[in-house]
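Chains as they are written, first to last, in our numbering: chain G, 1 to 664; chain R, 665 to 1037; chain B, 1038 to 1436.
Treat the hints as calculated values from the structure; they're not laboratory data.
Check before you lean on any hint, since a few could be wrong.
[To be verified] Straight-line C-alpha distance at most 35 Å; calculated DSBU-like pairs for lysine-lysine:
id	chain 1	residue 1	chain 2	residue 2
1	R	K980	B	K1369
2	B	K1078	R	K946
3	R	K946	B	K1354
4	B	K1291	R	K980
5	B	K1200	B	K1239
6	B	K1108	G	K435
7	R	K1018	B	K1291
8	R	K1008	R	K980
9	R	K946	B	K1267
10	B	K1354	R	K936
11	G	K81	B	K1354
12	G	K213	G	K81
13	G	K213	B	K1108
14	G	K38	G	K48
15	R	K671	G	K48
16	B	K1354	B	K1200
17	B	K1353	G	K81
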Amino acid sequence: MAIIERPATAGGVEIAPPATPSRAQGGFKRPVATTGWKSWLFTVDHKKLGIMYGVMAMFFFIVGGIEAVLIRLQLAAPEGKVLSASVYNQMFTMHATTMVFLFVMPMAAAFANYFIPLQIGARDVAFPRMNAFGFWCVLGGGIFINLSWFLGGAADGGWFMYAPNSGPIFSPSHGVDFWTLGLQITGIASLTGAINLIVTVLNMRAPGMSLMKMPVFTWLQLVVQFLLLFAVPVITVALFLLSFQRNFGATFFDVSAGADPLLWQHLFWIFGHPEVYILILPSFGIISEVLPVFSKKPLFGYPFVVFSGAAIGFVGWGVWAHHMFASGLGPVSVAVFSISTMAIAIPTGVKIVNWTLTLWGGKLRFTAAMHFAVGLIVLFTIGGLSGVTHSVAPSDTQQTDTYYIVAHFHYVLFGGAVFGLFSGFYYWWPKMFGKTLNEKLGKANFWLMVIGMNMTFGPMHILGLQGQPRRMYQWTEARAGEGFFNLAFWNQIASIGSLILVVGVLLFLINVVKTARSKELAPLDPWDSRTLEWMTSSPPKEHNFDVIPTVHHLDEFFHRKYQQDPVTHEYKQIATAEEILADQEAHADKHIHMPSPSYWPIVLAATLPIITTGVIYSIPVAIVGGIFLVLAMFGWALEPSTAPETDFDPPAAGESTKELAPLV
Amino acid sequence: MFTPGSKFFLGLTGFSLAVCVLYIALVDNATGGAVALLSIATASGVVAGLSLFNRDGEVAVGDTAAPASAEQLTASMWPLIATVGFVGVVAGLITHPIVFFLGLIALLAAGTEWLVQSWSEGASSDKVYNASLRGRMLHPLEFPILATVGLGVIIISFSRVMLAVSKDAGAIIFIVVGSAVLFAGAIFALKPSLKKTLVVGICVASAVGVAASGIAAASNGLRDDLVKAKKEHHFSHKECGEEESEHFDHLAEGTISMRSNPIATIELRDGKLTARELGVDKVTQTITFPRSNDATIIFRNKDEREARLTAYLGTKAVQDGVVEEVLNCTQMIGIDHEQALTFKIAKPSMASEKPYTLTVPGLEGQSIEIMVP
Amino acid sequence: MSTTTRRIVAGVSGLAATSFLASCAKDAPQDTWQPKGSNAKIIDDLQQPVFAIAGVVGVIVFCVVVYCIIKFRDRGQAMPEQTHGKPALEIGMTILPALILAGVGVFTFRTVFDLSKTSDTQMVVNVTGQQWWWEYDYPAQPELGITAPIITSGQMVIPVGTKVLLRETSRDVIHSYWIPALNGKRDAVPGRVHTLRLDADKPGIYAGQCTEFCGLSHANMRMETVALSKEDFAAWVANQLADAKSPAENTLAKEGEAVFLNQCVRCHQVNGLKKADGSPAIAAPDENVWSGAAPNLTHLMSRNTFAGASWDLLNKKCRANVWGASSETVGKKYLAGVSEECLNQTDLRRWLRNAPAMKPMYADPTQLSSTNGKYRGMPNLGLSEDDIDKLVAYLSTLK
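Could you put the whole structure together from the sequences, leaning on the hints where they help?
Set out below in structure tokens:
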């Protein structure tokens, strides 16, 4: 009893051989624009994403900077009236949140995205669409957190958000909800980014590039990605606990229900301390590239720098409780964490020694990038040493939560992380945009920032040691001491310093605009650099390298340009960058397959803020967001990662398809 | 870019959203209608998305390949499952809601699978391509759901077993099963050349074994002491007087987390109750509690019998003129065991007629006074 | 010398000069480098050498970097040797800091345990933090003359040379008790009791501040520890143990008592205060304030600050007289309390008129939904100027 009858296939009828459709699923064809806003919105190119990360981070640097200046204006005089207590609390919470999560981390991600594939001789990252998704998550999360300013006030519990002060009773506005959920979104980006870059570095290095021939920047970024991979889940858990406490009546930190508020502190700092290294190691990596180039010497003790970076990555997990020396952990824990904190100073010290010895005996050229790199060595050393003073736990109980700590971590994070990033700007600008930033303005920028930073944060050492606590919206004459150099004086100096710092950063922005307007193109290898990213055009082609280079040395590019004379042991130039590039172009690969742009990363990322908005205001909205999330996941899953040509929308009038056309 | 079908549904989504906004703006008490309109919008949005992904179901449109062929049909179990689901739904309506929901789930699953399968089979004449098409559509759904169901079955089965056997047997089973899993995992990892069918066979056999013992255990019921404890409502009541229940939890101290830095530790030893305040190196009969403060004490039983600690926390008016004592207590604590007790006293000692005390029911003449300044 | 070098040298000398001048900021009340008690002294003895070592290391690194900058600047010299490092030097430079830190570590270890001892305690004070003030209760300690519990707030009074143990906890969020001159800080965490040792070498008023961010008015949560000689302390205890006396009939203060009974006693306890029917008036802060506590005002005028020790009860002149007194005379002056002519009328009246305007607190009903209508801090009571006059008169009788 056949319900479906098969067609007869009697002899003589020819059956066509099976054919595979040549088109991907999904109603949307692939986006194709290579210019205009669409080419940025739907791109999966690691370089474009890197630039977008950078622009976003710079925007939030300015936002965070404005917050910082408002804080300093409030504290310039006793009983400041610029901000109310409530707004002040929001201001310092958001200043830290913005600078940590929305400036330094994305800026480090910008450099990582842009330069890791170039430094290891790859054509893109391992998961290009995930890369784009990560960027849109950070942007969405960042905007979401800052929306709270306009919706009843931002988070006001400090970036450390200690329970129970962050609970629904003590922080009744929605600020903390925005903060928690926004950070969850950026956390997703950190995780996907970490997995992506780890896979990229481990699997996609150019032939011949063993791990110990990898540039230091890539190495330290690899350490950072591992730190992220393990640290972000911890904060995710903590944020979920806080969310449930705030939005769904859970009692994880509620003493009357038998809970212990110290749980939050442990969770936060197990994340928070590795986070410190997540912020600083990329900058260490940058100056480990800059110093050798401008010293004309390889990095001194490359394996020591690499292994000390890895050591920091390990020991960094065993020091979290030094943020809690005053929390009442008991003497045994305090003593142990005190010692482990001292231990982590050793690998950090090793780095300083190596950088200094890289300078030693070199041929130093003081470009703006070099200025910032040397500035980092000195300023970070100050911050590192003040760090050692409060690894001594009893001493720390006097200093913690005072301005001495503020001074310490600004020397580490501003003098360290930010100076490293600025060094990277000046060093890599010609690579990214084909134009060199103005050196004169750059040096002015450096000196203003050095002066501003020392004037702002230097006096804070004194303020702290003389007993001014942090996070106070006002200070009073009564506790400022006597004499001309009393705390009032130092507070004023710090406020003036912050304005100088603002001018310094403004100079950088002016420099950027000026450079963008100038017609002068940078030479191909302006700094006589040593690593692979300089072995391609500036800005690099979409496929990075015409030929994937085969690596024989650490500092491969240097060894292609210079060769040692077997007799005199002197290095002589044998090729210029232009010649090397011309040679590559002549032997360009025939079949280069680049990942195709996609709509889905941005669509998927856009559903997350909808869900989080729903969690705060109305669950049905979250459900609608969730439905769109599932749809976007389907869209993503149905789309092949590389599509055949037929899957592209034809270019609109006037748009170019040059770069996307398969290079046959 | 947009197919005609998706255009229709997108339009419907937009229209119903707009109507919804208008409706909320114009009609008072608009909840019911708004929910209906939002539901329409959401549903048509989903359908619009789906029809976008499969180009209104017309996979082959524009393909250069040979037309779809009807001879690609494969055997399918979905009609059978759909039938079972339908029967379940009907049967559930007259028997039990669970049957109804299981039937509904089977019906939905079968419907989805059937739909996608027949759609993909019409896609082209290339079988492999068609299979991959089906996979792309359904794997993102199938894998997480099957994994959840599979894990859920194993977890529930295992928990039934643990609740049915005695505590000692439970420990042994746990060790044996854990070691077996570890052993099997080690073997599989060390011998990658092992036959695939063998590995699959072992896994399936053990999963079936766990599920079967779970069913057996569930039908056998809970072990005796749990049954009795349930009868005595042991889990919900708080007896602050002498113990009347027979089957209290003898491992209470293991069920409440240990705390560091409690305000005081109360110890029962040789029939005497003593207190030790944190940080104060002497034994006392009076402890000081800040007023209105959730504070925790630890009760440590070093006596030769089981005991509980009861806190008298003053009185409260339940109705006009009727006053009730406020008591709080630990569970019955076994010998050499301890438990934390968290409570709050809102009024100072001078506001209470009787002093606030900690006592052990059945132990005369021993009490610790709580001083609330 | 190039311009850069000259700038650097100028910078260095400038830095040295400023750090020298830093020590000139004298008499900051919360200076951490002026220990006044044995615990702070132990910390100071440990940290001074650490700061010195850190300073020396910093200067060495700075000098080496400056030397490199000057010496190895590009002057057209040949390409330097492409050396990848000298392992022996590297290992040496790893071991050297490790040794220094090991040395520091040993002393740190010892100090941590010294500072956590509780066996030599001579007196116990329970310290409870809440938004945004500190409460102290002294359990009965007959050997010190404290025959019944004493409760006070803002200023803690201890006898000089006595090893006091604070048992800290909190009623709401985490606070931190810190008197820099006497010891480091210790957090007061709800649900936990943390101990902190304090003792003072000489009589005096030692200022401190809450140092764990505790919400809106964190900056206005201060405290002082007042060390008195043993005799003065006994006098203080005797005064604290006494109940407040009702003012004489037909005085402004007596009318103030009525206002107090009508308004303030909802939260503030005054021991000995009787209701109109003669029964004791028991405050019920647990029904009105989220933390469940408000300062006990029985001996308000024996303290010289109020509202979380953020404002003075003494006017400027009297304050300078008491706070600036030598260690010999400070005890007597402190015990004198706040007399009528010394009372800081301005701030006290401002406070009674509208407390939340002076110190940010959650007193606005729209912000109280999360606490079921309970206040966090003192609300604006809407008192008339008349009532304020009466209250001030009454409060100044609470010696």
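Which hint numbers does the structure go against, in order from smallest to largest?
1, 3, 10, 12
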